[in-house]
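Each residue of the sequence shown is one higher than the last, beginning at 1 in the UniProt record's numbering.
Distance ranges between label pairs, derived from CB positions: (1) Ala43 - Leu114: 24 to 30 Å; (2) Asn126 - Leu11: 18 to 24 Å; (3) Leu69 - Leu114: 18 to 24 Å; (4) Leu19 - Thr39: 21 to 27 Å; (5) Thr112 - Pro37: 23 to 29 Å; (6) Leu117 - Gln33: 36 to 42 Å; (7) Ala63 - Leu19: 19 to 25 Å; (8) Gln33 - Lys7: 38 to 44 Å.
Keep in mind that the hints were calculated from the coordinates and are not lab data. Glycine residues also receive a C-beta, built at the ideal position from the N, C-alpha and C atoms.
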Amino acid sequence: MNNFPLKDRLLRYLGVGALATLVHHLLFAILLQVWAPWTASVAGAATGALVSFWGNRRACFPASAGRKLQPVRFILVSLLHNLGNAAAMWLLLECLSWGPWLAQALTTLSLTLLGFLAHRYWTYANVDIFTCYRATRSR
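Make the full structure from the sequences, and use the hints.
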């Protein structure tokens, strides 16, 4: 399963993302009946992130070793993704005066591709950046 083409990995990644988004929004809709919107959204987003992490680990980027740091890497990529979303939306909306739907579409497309690459080559890869850093410094 580790050797399927990059195109297939990307399609699986998009499918996992769609499922995670569906879980996020369904839970948000359910919890909105009893909780405040912000709390319902955060709970939905956290659950969607868990679905995304598990689904990507299992369906897109399976590995037999090096799983210990994957949750930390996933959280870091997710935080950078959200910061990138905020920055890109601010730039497109406030500085370039784009419409909100066009700005969100471009931001989502760009960050989805960047997220895929980050997860493919770092989050779920058997790479330890600290070991690589120490190895290059000792030369």
